[in-house]
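K.L.:
Below are the chains, spelled out letter by letter.
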Amino acid sequence: MLTIVLPILLFAALVLALIGAIRRMNMWRRGRPAKVDLLGGLLAMPKRYMVDLHHVVARDKYMANTHVATAGGFVLAAVLAILVHGLGLHNRILGYALLFATALMFVGALFVFKRRLNPPSRLSKGPWMRLPKSLLAFSVSFFILTLPVAGLLPEGFGGWVLAAILAVGVLWGVSELFFGMTWGGPMNHAFAGALHLAWHRRAERFGGGRSTGLKPLDLNDRAAPLGVEKPEDFTWNQLLGFDACVQCGKCEAACPAFAAGQPLNPKKLIQDMVVGLAGGTDAHFAGSPYPGKPIGEHGGNPHQPIVNGLVDADTLWSCTTCRACVEECPMMIEHVDAIVDMRRFLTLEKGATPNNGAQVLDNLIATDNPGGFAPGGRMNWAADLNLDLMRDKPSVDVLFWVGDGAFDMRNQRTLRAFVKVLKAARINFAVLGLEERDSGDVARRLGDEATFQALATRNIQTLAQYRFTRIVTCDPHSFHVLKNEYGAFGGDYLVQHHSTYMAELIDAGLLNLAADTGGSVTYHDPCYLGRYNGEYEAPRAVLRALGIEVKEMQRSGFRSRCCGGGGGAPITDIPGKQRIPDMRMDDIRETGAERVAVGCPQCTVMLEGVVEPRPLIKDIAELVAEALIEDAPSTRSTRREAPEVIA
Amino acid sequence: MSDIIRRDPRAEWIARNRLHPLHAAMQPHQLSWMGPNGVLRKNVHGVGFIGPNGIKRIDRSGVQQGGSSKRAASTQEQRVLHQVPAPAFYIGVVPDMVGGRLSSHDRDLLGLARQLAGSDGAVLAVVFGESKETAFATAGVDRLLLLDSEGYAPEQQVLELRAVDNQFAPRHWLLPDSRSGGAELGRRFAASLGERPATRVWQVKDGACVGRAGAGLQDVAQPLPRLILAAAECAEPVSETRHEALEVQLSTAIASCLPRIEDLGAVAVDPAAIPMAEAEFILSGGNGIKDWGLFHKAAVALGATEGASRVAVDDGFMARERQVGASGVWVTARVYVAVGISGAIQHLQGIGACDKVVAINLDPGCDMIKRADLSVIGDGTAVLEALIVAVDNWRNASSGGAGLLANQATRSA
Amino acid sequence: MSIATVALVSIGAHPASGRARRAEQDARAVELGLELAGDNLHVLHAGNPHEPALRAYLGMGLDELHVLEQPDGADVVPVLRDYIREAGVQLVLTGSQAETGEGSGMLPYLLAEQLGWPLLVGVAQIESIHSGVAQVLQALPRGQRRRLQVRLPFVITVDNAAPKARQSAYGPATRGLINADVVEVTVDELSTTGVLQPAKPRPKRLKVIKAKSAADRMKAATAKAAGGSGQVLKGVSAEEGAQAILKLLIEEGVVR
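Chains as they are written, first to last, in our numbering: chain A, 15 to 661; chain B, 150 to 562; chain C, 29 to 284.
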């Protein structure tokens, strides 16, 4: 009897899965077109899955091994089950192989089951609680079914009772694992995930590459939407990417805004996009809600505006664009791109940048700096430093990109310290002076692509007039934008963060440094230096050269927690239960360090905003400048501490 | 003031020296004068002084000339009286009279009018509504025209100014370019006369005037027109002369117009609701505030607009729009009282435009105290409590003699 | 009932950089108009229709903006007056003062005078308009308000007490239409008599002590300078501290 039922069951499930797959693909295709290498992507997919994705998953050994056993066992078992039970190839070797595969899958499923006994809060519940049982049902049913094939049990063992039980088991297993895969069940992640890896919008990320710059909007194309209003305004492969989410909640655990009680949960956001893609409400979402927003009140469909239907605007504005979610996501989903796309629509079409956002953007347009300071005051901080201007010295080694910190009295100390270091190393450098403009970072993260592009093109025009080997900046945000985002507008430069450059200077022996004596130090990785640009080592190398042993925080390196200052978050200022910099300062206090080294003006401002007593905040440039030993008496004059410039 | 009489040889010397400019001021009060019936009247109370034992002493030796018992009052020097018996021309001034008194802006304007009037011209002040001012003479008013006006009636006032214009034909009209009414009235008047005024004038020199233009990035220089709307501090107020402040009357009755704009009266505004950038007086609280109820009470008692440091806002004690600083509101208050704010750089940037900063803080080394004009080292709660009491006392005392106390305060400055 | 409303806008200049932008107060006038008349608001500019900063007004959600095309230095009052008369407008909204040129703030006064309409200045809010009678709140210094009643038609100027203008969005700004009419040009006399020059900073007025005698001059010269670090009261009782503060507050005239 089973020999008749089994193939029907298997093939019926496969046919249903195929119908589901077509239906699902049509859902994704509601999105806008995207330039993707379809065939090349598919061919590259196995490698992306085995190497790049596994690399991310392997950060959690338990889950990595579990997944290898379960998924590997399942894929093998599925193929063999179709051959053996579907096509009736009752071969003994195939039988043994299928037994092995189902056993492997069973072991994996057991570990999945164990994890689901007391799941951490970041994991979604609901149908996901059913999945280990489905996996067990599938593997056990097929294991027993295959025993006769392998010749370990006689045919017809157990009679019709066992046959009926097994049939139910198989039905359960294949509905969840074949047909559920394309009809929106938990196993949807395997199907959508595989295709997402194949047609990822940032193919450069695979094979050890890095792609973090936001994709430009084509403002000359009047027909193209300015950002994303409705789910169908995403590109189709973005929609596919959302659908690939496994709801593991790694993003939720890493998100600083979620931890601070701001109304953002990256996992929920992606799931809301899936709801928007398929239509419906978020009532079936079985994970943590956006803090302070109950589940079940939001819904939408592909043709309805997202904001105030699916998600509220403050959810989008809570994001600090720190990329911790993207870094953690085992499916390599691009949360930040999606958030900025939706912000673009709010800013460019609705004019709904919250709080100080509108003012900051107006200031950027009118004064080229977010504070609205008179552009003529950009060089006041260096009034007594006799810096060379690019205009007078059109060819230099280093173009020192000052950034908008020039208007901030605290950051001026960092800038002056770095100038001291450059002078001590006798570097041939110059600044743009009044020709410099804001890099456009804040405007872009706030969704104002138009202002960003205006600033970028004008900066590129300015830079094109001069010859320099590299650009060095103390601001990781400018660094990131100049390095990764100006390329799309024709600006390709060698850009370095000052920590990288100082590490090079120290290696080259150009700096004569005394050992630092100021007490213990921990280092806070800026998001835009670390996760965005992979520079974790140079700042630590500089600190080592000062004789400092960094007391690492638990969350450091690629897991570093954002200071709360990125993405215009201090400007949009969405209230939460606590402040992100306070949480980061608690991380810092945990190390017991007396000082925290930073490499970003935003981090400095945010961390110094924490109420005292707290560890001292020092930019790396300040630490190096303090440790400088100046040999020749002729340089004495530059050594004298000049009074702070008050802008 | 102590009862001990201290001789002031210098004052005595000035009193004897008729050539000294302060000679008149140092003379003891007039002791005798001719009465209306030709009888010599004497003020016996003005003679002599109270001795250290409280007994009145009369010294007829002449030594005691310079020091009468009214010595404190006599330091008020007598200004020279400037008279314009027959004005060759008039300079019309319409002061704002905020609260019925000349404001400092009005005094500056009168100073400018005096400059323009010279020795032949007369400054004609046109005052609408009830006036409580007593110092028109020392402010430089030669002729004073008091006109009735009630509530907000700019259109009626323009009609009256036109009548004044017809009768006195002033060479120049000066109005304060202020939000307290002068800017509006001046422009209405100009539009009604069909004359182009010079606005936001801050300098008048040699028949030309310079005023701010546009958004304040430019000045406009032009020949002095008849109508001038002058900014505050356009000239030094009159300080050396006294003037007659003779009241004049309009010779014609003013036709009253049917008011097209009806004044329904003032609307109660909560000082806490005033936008911070507009506020003149801000009481700002920070991390050092333990009792926010008391803080709000103090703000009400002082009539101050509330502000806060970033920390106080982050901790949820104050609304975000109340945050002062680089990332909050840049305030322009004349007086900024910071309680329990240590003064992060961003905060200090935000109060850069404040005139006077008062700090109340426990930590004498904090940056706010370095910035402050007056700092009190102490517990914010205690000082605020004392401040509420002090203000209440002052208000009670001053309800009778506000002028006196204010006067005292300025003198001790 | 919808009231034919027109907002007059000009090209502004950022106070720090001097760069062209939407004028702050005019944008507030547009905001007030949008709240009052919604899509029926008519926005009018006299000047150069090709100025990019004009689009910032369109970015507030306007479909179109009407421009009476004129060269720089032309008098805008006659053309605005004629336009408003012909257009059957009942309510004119405008900022108090232009950010470029002389910025005398006379335009609304001249316009109201020539139209023969009442003018309300410094309006913070239009509370209601019923059967041709409007109640408005006028802003007074230090955040005070006065309620006024006036009959249509009338002219309103707004200043910084009016609600803040909404953000100008890029999308509507690029899509909006600018309709330009060529109009007769009257030359403005100021362009011949006045000279615009960069603003001179005005130093803070020093407290001049009128000294009539050498001793007074000596006292004035040796007195502690007004600047420098402030007075620090340490180790005083709270009451003494409060008295010192109160004295300063009274001197400054902020406590009344």
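None of these hints come from the bench; they were simulated from the model. Heads up, some of the hints might be wrong.
As a list, the in silico DSS-like pairs of lysine-lysine whose alpha-carbon atoms are at most 30 Å apart [unchecked claim]:
id, chain 1, residue 1, chain 2, residue 2
1, C, K192, A, K591
2, C, K192, B, K519
3, C, K232, B, K505
4, A, K591, A, K565
5, C, K262, B, K281
Okay, the calculated bits of chain A under chain C, using three or more residues with CB under 8 Å as the criterion [claimed, not checked]:
id, region
6, 366-379
7, 382-389
8, 597-607
Label-pair ranges, simulated between beta-carbon atoms [claimed, not checked]:
id, chain 1, residue 1, chain 2, residue 2, range
9, C, G101, A, V625, 55 to 61 Å
10, B, D504, C, V260, 15 to 21 Å
11, A, N526, B, D504, 45 to 51 Å
12, C, E92, A, K49, 33 to 39 Å
13, B, N542, A, N369, 37 to 43 Å
14, A, L403, C, G101, 32 to 38 Å
15, C, V260, A, S225, 55 to 61 Å
16, B, A546, C, K232, 46 to 52 Å
17, B, D412, A, R405, 57 to 63 Å
18, B, A468, A, I33, 38 to 44 Å
19, B, A468, A, A238, 36 to 42 Å
20, C, V223, A, N394, 41 to 47 Å
21, A, F503, B, D412, 32 to 38 Å
22, B, G452, A, S225, 56 to 62 Å
All C-beta atoms in this analysis are idealised placements derived from N, C-alpha and C, irrespective of residue type, glycine included.
K.L.:
Please go over all the hints and tell whether each is borne out by the structure.
P.N.:
Against the structure, the hints:
1. K192/C - K591/A: Holds: K192/C and K591/A sit about 29 Å apart, inside 30 Å.
2. K192/C - K519/B: At roughly 35 Å apart (the allowed maximum being 30 Å), K519/B and K192/C break the hint.
3. K232/C - K505/B: Given that 30 Å is the threshold and the Cα spacing comes to 13 Å, the pair holds.
4. K591/A - K565/A: holds (29 Å)
5. K262/C - K281/B: Answer violated: K262/C to K281/B is near 41 Å, above 30 Å.
6. 366-379: Since 7 is at least three, the answer is holds.
7. 382-389: Since 5 is at least three, the answer is holds.
8. 597-607: violated (count 0)
9. G101/C - V625/A: 55 to 61 Å: holds (56 Å)
10. D504/B - V260/C: 15 to 21 Å: Cβ of D504/B to Cβ of V260/C: about 19 Å, so the range 15 to 21 Å holds.
11. N526/A - D504/B: 45 to 51 Å: Given a distance of about 48 Å, which is inside 45 to 51 Å, the answer is holds.
12. E92/C - K49/A: 33 to 39 Å: For E92/C and K49/A the Cβ distance comes to about 36 Å; the hint holds.
13. N542/B - N369/A: 37 to 43 Å: holds (42 Å)
14. L403/A - G101/C: 32 to 38 Å: holds (37 Å)
15. V260/C - S225/A: 55 to 61 Å: holds (57 Å)
16. A546/B - K232/C: 46 to 52 Å: Since the Cβ atoms of A546/B and K232/C sit about 32 Å apart, the hinted range of 46 to 52 Å is violated.
17. D412/B - R405/A: 57 to 63 Å: Check passed, 60 Å falls within 57 to 63 Å.
18. A468/B - I33/A: 38 to 44 Å: Since the Cβ atoms of A468/B and I33/A sit about 56 Å apart, the hinted range of 38 to 44 Å is violated.
19. A468/B - A238/A: 36 to 42 Å: Between A468/B and A238/A, where Cβ atoms are some 39 Å apart, the hint holds.
20. V223/C - N394/A: 41 to 47 Å: At 30 Å between Cβs, range violated.
21. F503/A - D412/B: 32 to 38 Å: Since F503/A and D412/B have Cβ atoms about 58 Å apart, the given range 32 to 38 Å is violated.
22. G452/B - S225/A: 56 to 62 Å: Holds: the Cβ-Cβ distance is about 58 Å, inside 56 to 62 Å.
Against the hints set out earlier in the document, violations occur for numbers 2, 5, 8, 16, 18, 20 and 21.
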